[in-house]
Every structure is written in structure tokens, then in C-alpha cells.
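A.B. asks: In case you want the letters, here they are:
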Amino acid sequence: MKSITFALVALLFSVNIQAQSLTFTAIPDQDETLLKTRFNKIATYLSERLDIEVKYVPVKSYAAAVTAFRNNQVQLAWFGGLSGVRARLLVPGSMAIAQGYEDQFFQTYFIAHSSTGLESTDQFSDNIKQRTFTFGSKGSTSGRLMPEFHIRKQFNKAPDQLFRRVGFSGDHSRTIALVQSGAYDVGAVNFKVWERELAAGKIDNSKVKVIWKTPTYPDYQWSIRGDVEQHWGEGFVAKVQKALLEMSDPDLLASFPRQSFIKASNDDFQPVEDVARSIGLID
Amino acid sequence: MTHSPAFQLKDCHQQGNGQTILDIENLSIAAGEKVALIGKSGAGKSTLLNKLRGLRPDECAFCPQHHGLVPALSVYHNIYMGGLERHSTLINLINLVVPRPGSKQDISSLCQQLGLSEKLFISVDQLSGGQQQRTALGRALYQQADLFLGDEPVSAVDNEQAGQLLELLKQQHRTVIIALHNEQLTRNHFDRVIGLKQGRVAMDKPVAEISDSDLADIYRD
Amino acid sequence: MAVHNAVKPQSYSTAAGMKRTSLWFLLIAALCLLLADLEVIRADPWMELGRIGLGLITPNFFATEALLDALLNTLAFALIGVTIANCVGFLLALLFNKPGVRQFCASIRAVHELFWALLFLQIFGLSTLTGILAIAIPYSGIFAKVYAEILEESDHRPINSLPKQQSLSAFFYARFAIAYPHFRSYCLYRLECGIRSSAILGFIGLPTLGFHLDTAFKQGNYSEAAALLYLFFIVIATLRQWMRLKLLPVYLAAGFYILPQSTLISLEHLKRFLGEDIIPSPLRQSGGDFTEQILALMDWCWQLLYLQAFEGVFNTIVLSIIALVGSGMVALLLFPLVSRHFFSRPGRGLGHALLVVFRSIPELILTFITTLILGPSMLPAILALSLHNGAIIGYLIGQHSNGLQLRADSSRGLNLYSYELLPRIYPQFLAFLLYRWEVIVRETAILGVLGIHTLGFYIDSAFEDLRFDRALFLILITAALNLSIDSLSRWLRSRIHRVNFERVNSC
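Sequences listed follow chains A, B and C, in order.
Here this note's numbering is used: the first residue of the first sequence is 745, the next is one more, and so on.
Here this note's numbering is used: the first residue of the second sequence is 26, the next is one more, and so on.
Here this note's numbering is used: the first residue of the third sequence is 223, the next is one more, and so on.
Chain A extracted, bound-state conformation (with noise of 0.2 Å):
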């Protein structure tokens, strides 16, 4: 009875019920173009590893990814740190599974306009005081979680108290071209970011320079819904895990891009959690 009363809910809603397809969604932490060709050869290649059907969906947002894990519209997420800390909050039972090799170790850099004379140094300047400053997104572990914590940390003032004017430009590039061009004196960017800007030439070194690195700290990590061993059995996380460790193929993990993926436990982000939860951006 219940089954049928599913079936006709099922047909009346048209609900595309996601039981034999798995699907994943990923934030592209840098670069966002070309998703979908780029997220389908991923598709493909847990789909011959897992032996089912492997759907991915593109996602811009952080919230929009974290809210279509919780609504298991996606089973597997290539989560940002504090993006995926929120997710795991949200989905009871949810797993880290693997991280990048780079991921153990990211970094933000704090970045300068030449018009504020501001120069690279090992402890964070009293000089960014009073300057205008952005942040990259709201919702980013290295645009924004990771910075304001050292800020806070350093200086023992919100962003807001700290700096003449505050910021969101909502993503890292933009975060370069705004410091570049000097509208804002200071901001905060993903490392990997800035060096492939650099390496695109896109950077010029006499109107921006990186003043400051914060220590290391983990973001990005693979996290799957705890439920997806109810579907596809007892053992099914694994299968995934392993599958995921074990891409080597370059032109696959150039689309993270990471060299190499490594294992990951809920634990690893404890660090993440509690910045968030000390600087108020979770209850």
C-alpha cells in the first residue's frame, strides 16, 4: 500500500527519484568554466568503478551545494572546508572521505596594492589597519573563514572594527583584479588562485604583492551522505573512497585541480569547525 501510494505521489509530482543514479556536485575552487566537460569525465570514471550510474550536477554557490546535499539531490560533494563542515552539520551520519594532497597544507594569502607601501612579512603588519580591505565570498574557507579568523586573532577586532571598509567581492579572481586596480587596498585570496593568476600572467607585481601567508590549514574534501549504503549496500562509502584514491589519470584531477587525492575523516575539519563556530559563522 505504501509503495503504491509512493508511486502515484511519484508520478504526480514527476519526481525523478534518484535511487539507481549517483549523483555529485563540486565547487570548483578556482576555476569555474567548462563544468560540465570537464565534471562529466569525472562522471564517467566513478561510474566504470562503481558499476552505477554517476550523475554530476553543476552548482554555483556554496549554499546551493551544501543545501542540495542535505536535500539528497547529490550523495557526494567536492565540499570547500567550512562548506563541507556545514553540510556534515546539516546531513547527520555524512563522512569526509578524501581530501587533495594540496589540501592538507592551503593557505590564504593577504594581498596589497603598491599604494599602501605595505610589504611581505612573517607576522601579520599593524599596517593593514584602517585600510580598506575584501574579502572573496561569503561562504569561502580561504576567502573569507580562514582570514577573518587571523584577523580576529591578530588584532582582537572584528573585520568591520579593524579595517576603514569591508568588502565581499565574491570571488577570488575578482578579489585580485579589485586589489590590482587599487579600489581596494588589502584583500584576502585562495593561494592556488593567485599563483595560477600569476602563472596566467594576469598579475603585475609592481601594483600588487602578497604581504602576508597564513599558517596551513585543511579545505577541500570529497564528503558522501551516510545513507548511501542503505542503496548500494554495506561497504558502498569504501568502493567510493577507494575509487577516489585511486584516480591518477592527470586530465582528471587537473579538473580540481590536485595532484593526487588522500584520505579524509570528519576529524581533519575539527580545526574548521571551530574557527567557524568562534567567529560566529555557525551557531
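If you are wondering where the hints come from, they were derived from the structure by calculation, not from laboratory data.
Using 20 Å as the maximum straight-line C-alpha spacing, the simulated SDA-like pairs for lysine to any residue come out as follows: (1) Lys951(A) with Ile595(C); (2) Lys946(A) with Ile595(C); (3) Lys873(A) with Glu261(C); (4) Lys222(B) with Gln44(B); (5) Lys780(A) with Gln483(C); (6) Lys230(B) with Gln33(B); (7) Lys780(A) with Leu290(C).
To be clear about the criterion: a stretch of chain C counts as covered by chain A if any three or more of its residues have a C-beta under 8 Å from a C-beta of chain A, and this derived list gives those stretches: (8) 342-349; (9) 435-443.
Every residue gets a Cβ at the ideal spot worked out from N, C-alpha and C, and that includes glycine.
Given chain A's structure and the hints, the job is docking chains B and C onto it.
C.D. replies: Positioned in the frame of chain A, the structure of chains B and C alone reads:
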């Protein structure tokens, strides 16, 4: 013929902006009368007509001075609007898209009498002032009411045609009350003439008793 | 004449009334300017602007994957959403005088479509339904208001000439038929807005043009961004060519066919959203002491009000009033470009192109560019909002002026502008402007990049933090603000309204 009056107005006083707009003790118009309402502009003719209409709102065919036509609709539809109450809403709505053959025939012959037969499906915003006026008359005629109230309904056509239209109106309605300016038309087509001055009835006579000086009085300051 | 001489002359002419209203606005805007933060930060934007310029002259139409899908999705969301909103809005317009309807409509349109989308995202996921509702709901409120106003302002004399004025037939013949051309042209304009909204929904992940535009622009792929913008301009500029009422059913059917069919409707999500997500967080922990919970709730409300809402309302009002007056100036400056009284057909074509560009560039992108040039303060926001909204109002009053018949021997140039056109279009202009006020309030939501703490900034932050209780609380405050703006602008309009405000020439 019944002797109960078609309209009976008693103690009607209306003020506005510190001046009298209407001040009428007692005015009675019997069924079957053909009344001309004259007076200078601003004397209260339109206000009086509206008052009379208010006494029997559903029974009067009304032709206002500004015509009140829907510019985007054709002559046919504007005239049809006079007869909306005779049909169901559904029929009216369908007619808005596809004209009903029966109504088309009726209105087409009405238009012939009004000299509008060429214009049946022209939208009224493309008509001349005189043609628009005749469309408004057509709408009033198509109401097929017993009483007709008109506010300068023939002001935009020449005298000869105005005369014909007035005869048509009289022929179709038992009681006719029309505000107008034209002395010749007043004398030739009505039984009774009411002259208004600053909101008051300054003269009320059968047409035969009207003298030139009566008229001059009405139009003098 | 004696009668007329007895009347005291009116204390002021209608033009003087309009002048007075305008002066008040200018004065208040000037006051707001004193309160606003207008710092210009000397910047060096040329490198980035150079790249943008280069991108604009070397558009790349092949850099975007699934470009055609994105384009068709954009149109499908817009067409379906606007069609639904048109029908619902029309019905609401008929009930507009019933208690509560006006307020309800003002509330649903107070919320930016991006926020509606973010709300529905929680229930329906990133699905077609989310996109359609995000457009249909606020647009219903907008349609209702505008349709009600068109009906109110259209010529009432035809219906007054009929017996039995209450009947449905009388309504359709004597009211609807008069208002219909205005409904139609407004609906077409709203469809244009719908296409813009639909594109912008891509910013949060729906598969429309905005999805790719956002990426391309963020990452500085300006050739790709230019191509997407050009495509967008072309669609909007040719709207009147391809949009035919007769083709609407075909378009709608195609739209339903094209859009992704994976709508996930789950009562569980709905229950979770209503029963948990939007409950203020102090009330969510069960088992606590009741008094303690109430105290915690009061503290929660106070914190939100004190730390976010007060500042948010203040900034929103200051910014929106300055941007409103700015938009008005831009509009008065630009409308001759599309007016047949000033330019012949080819000239107007260029004018139209310019206005399409200004009104179609998403504000987010316009703001990014003005920020590059002026640095972060309210200034780039004022500039971006004024250009965008000014171009829209300019277009609307330009169209309005084209409907005016002037005498053959009227003057030319500035005299024509100031003596013949300005007095005629001004009531309409003020009406459009007052209406635009609430749109500007809605749009201030997207200015987080500048760190201007408007209400929308805080709502956006709440969504980003997945704190839907806070988002909803702030959205309710936004709705209340919009209600006040709605009644204020209605009051102002009624003052101006004594003027001959006939949209329809009488006959």
C-alpha cells in the same frame, strides 16, 4: 397614457466651491414628454441630467457629452455595449472576439440610420468627432430604453442631420430630455423647454410659448 | 463670466505641484547625500578596464559550453514565469481594493527574485520549479499593482455611460478593453524584465545565461562574458520582433519541453523548512525552560535588529533615495534619444541600443565596473543603480512621449523639451519613478561587493550561512519597509494625480 411622472425632482440643492451648482424646488417631467434643456455653459445642465439619471439609473439610455466610448473597440462593439444586459456574460465575451451574426444585423441596420454603415468595424479612435458622437448615440439607442437623456448629443453634426437624429431619438424613446444649444433645433423638435441659469430653473414653458426674449434672457449674464 | 470671476484662483497650478514634489525629492536626496558615504578612492583601473575593453571587441561565442541550452532555458523560465504571474497578477488586480490584497502584493514583490530562489531551493532543490516560482511570485505582486493602477487610471467615462456598471460584461467591454493595450505593452516590458531575472537566477546555479556570465566575468574571461552579454542584448532588443501573442502557446509548450524535468517535490523538505529552518534558533532547542527560551528569543530578535536591521534599513533608505533621484535625472536626460519628437528612426535606433545596453547589463556587473573606477563606497552603487534604472525609466517615458500628438507648429530643441514634452510626460515620469523606488530597494540587495550594509546584504549573508530563520526575519523587515514605501509613494501619487493623468485620449 399614465400620468405618473417619469421624473420627479424635489428640493434638490447642490453647492460646490462656494457657489450654487443646482437649486431646484420642484421639477416634474411626465412620461411621454420631449424636453429641451437650455442654458449657458456652466448653468447646470449636465448636473441636472446626471441627477435625473440617478433617479432611474437602470432605465435610462444615456448619451454623455464626452461620449464615453472605448477608443480601441469598433463602432459595432461600442454600440453593442448598450445591450450588454440583454445577453449572458459568456455570449458577451465571445462577441468581443467573434461578433454574433444576430447582433451584427441589428447594429448594422442601426448604423445605416445613423450614417455609419461604412464604419461598422472601424475602431472609434479613427473616427471624426461627428462620427464618434453618432456612435455614442447608437449605443444609447441600442439600450432600447424607454427614457433618453442626452447631453449635447448632436452638437457635432450639421443641422439637417441633427434634426433627423433627434427625430430618430424621439421615435425610439417615449420620454426624451436633451440638453442643447441650438435654438432652431429646440424650436422644431421639442414640446417643452426648460431654461437653467446658475443652477436654477429660470424658465419652463411649452415650446409654442417661447419668445425670442425668453431665450435671450437665458443666455444673458 | 461673473460666476468664474467669483471663484478664488487656485493656489497653485498642476505644474507647480509637480515642481514642488520634485523639489522635495531633490532636497531629501541632498540630505541623504550628506549622510551617505561618498568617498572616491583613487584607483588605477586601467589594466582591468583594458582587459574588459579587449574582451568587448573580441567576443568569443564558442567558449561557453551548452550555450544554446542556457539561452533557451533563460527564455523558457522567463516566458513561463511571466505568463503565470500575468494571470495571477490580473486576478489579484481585480481584488486590489479588498483588505489585505495590496499589502500581500507589496510583500511578495519586496523580496528579490534571487532570495525567492534561495528559499525555494531549500524545498525544491535546484530545479525548474524553483526557477519558475522565483519569477512568478514576485512578478505576480508587480503585475497586480501595475494592472490595478492601469485600471484605476484609465478612462472611467465609458463605463459610467452604461447602465448596470457592476456586471462582468460591462467590465470587459468598458474597462478591460480600454486597459488592454496598456496591459499588453506592460506585459511585454515585464517579459523583458523576466528575461533579465531569469538570466540572473543563473548566478545561484540555475542553468541560464547568468550561470556562465557570472563565471566568465568573475574569472576575467571577458571575451566569453562579452559574447554572453551581446547574446543577451540581442534577445532583448529583438523581443518585439519575435514575441507574438499568437505564438505564446507554442513558446510555452516548447519551454516546458526544454526545461529540465527533475523537479524534486518532497513534503519532508517542506516540513523541515517550515518546521525547523525558519524557526528562530533559540526556539529550536527543545526541552529548555520556557521563560529562558522567550528571553533567548528576545535577545535573538534584538541582536538582529540592533546589529543588522537598523543599519540595513538606514543604508537601504539613504542609498535608494539618492539612486532614485539619480535615476530620474538619467531618465530625463536619456529619454529624448528614443523619442520621435527629437530623433528620426535611425537616430532612435542608436538610442534604443544604448538604453538596451544600460538596462540589460546585470547590476552586479555594472557595479563591479564602477567599483573598479571609483573604489568601494556608495558612489559606484549610486552610479550603477542610476544608470540601470534611469535607462529603464527613460525608455518607458520615451515610449510614452511617442504616443503624444503635438501641434504641427510646436517649437524645437530645448524649447520643445521644456515647454511641450516635459509638462506632458512629467506625471507619468513621476509615477514610473515612484514605482521604481521599491525596485531600487530590492536591487540594493546585490551590493555586498561594496561592503554597503543594506538589508539585502544581511539577507544574502544569512542565506550564505544557511540561517534561514535570520533570512526570513530580515525579509519580513524588508517587506514592512516596502509596505511603507508603497503607501508613501501612493500618497505622493494621489497628490500628483489631480493632474490630467489620462493615459487614454478621450473620444
